[in-house]
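Asks: Each chain, written out:
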Amino acid sequence: MSIKVRYFASLKESIGRSEDNLEFSGLATVGDVWHSANPNKALPDNSLAAVNMDYVELNNVVNDGDEVAFFPPVTGG
Amino acid sequence: MAIKVCAEPFDPWQEIQIHQHSANNMAGKFGATSIFIGTMRDFNEGDDVKGMTLEHYPGMTEKQLEKIVAEAVRQWPIIDALVVHRVGDILPNDPIVLVAVWTSHRGDAFDASRYIMEALKSRAPFWKKELLKSQAERWLVKNTDGYL
Chain Z
1 MSIKVRYFAS
11 LKESIGRSED
21 NLEFSGLATV
31 GDVWHSANPN
41 KALPDNSLAA
51 VNMDYVELNN
61 VVNDGDEVAF
71 FPPVTGG
Chain C
1 MAIKVCAEPF
11 DPWQEIQIHQ
21 HSANNMAGKF
31 GATSIFIGTM
41 RDFNEGDDVK
51 GMTLEHYPGM
61 TEKQLEKIVA
71 EAVRQWPIID
81 ALVVHRVGDI
91 LPNDPIVLVA
101 VWTSHRGDAF
111 DASRYIMEAL
121 KSRAPFWKKE
131 LLKSQAERWL
141 VKNTDGYL
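Chains as they are written, first to last, in this note's numbering: chain Z, 1 to 77; chain C, 1 to 148.
If we strip away everything but chain Z, and leave its shape as in the complex, we get (with noise of 0.2 Å):
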């Protein structure tokens, strides 16, 4: 299955990338996303993680086709 990797503020400048495009086989977590794109790197603890644009867990599973987001705290308003 085909999954979209998402960057964003901070964590994209400390990783030098914006996105990822990942072929999995098999169950993968949100967790796994990452690892797998970012093996040397672990998820900043404070992180937000993301799928089809809504706020999930890092054990949330993820299907074919869905975009995955990871971002630092938000900080609008």
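Hints are computed from structural coordinates only; laboratory data are not their basis. Glycine is no exception: its CB is placed at the ideal position from the N, C-alpha and C atoms. Some clues are possibly wrong.
Chain Z regions said to be covered by chain C (calculated; three or more residues, Cβ under 8 Å) [unchecked claim]:
{"#": "1", "stretch": "3–10"}
{"#": "2", "stretch": "49–56"}
{"#": "3", "stretch": "60–74"}
Given the coordinates of chain Z, assemble chain C onto it according to the supplied hints.
Replies: Below, chain C alone, put in the same frame as chain Z:
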């Protein structure tokens, strides 16, 4: 209900006027309008700030703001609501955010606008990067809790 993400400067007072005049069924129905405007300061955490870049997640921002307004509509008898938020390069004194809520009575207007604003602060995917007078840049790390 209207939600706008603006890449250009906006005038919150004009936005309120235009929205209020274009809404069809409001005249004579609302007795209270609560307005919150967030404006960029030229100082933060003891430093002089000369500019700011506001990044957002297009699509998710609008989706989350729509959810937040829908939650408020379920909790209070809101006649109408308007949320406007800037993105891009911002200068001190520029408006950043506008939340306006129209209701029959003031308690609902105050409470609903506060709810929308606090939820926006903690859930809408925007990120601020400050440019200091010293030329250093820094990401804001976390929004403070507005109820503290």
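Asks: Take the hints in turn and mark each one as holding or not.
Replies: Evaluation of the provided hints:
{"no.": "1", "hint": "3–10", "in the structure": "holds (count 4)"}
{"no.": "2", "hint": "49–56", "in the structure": "holds (count 4)"}
{"no.": "3", "hint": "60–74", "in the structure": "holds (count 5)"}
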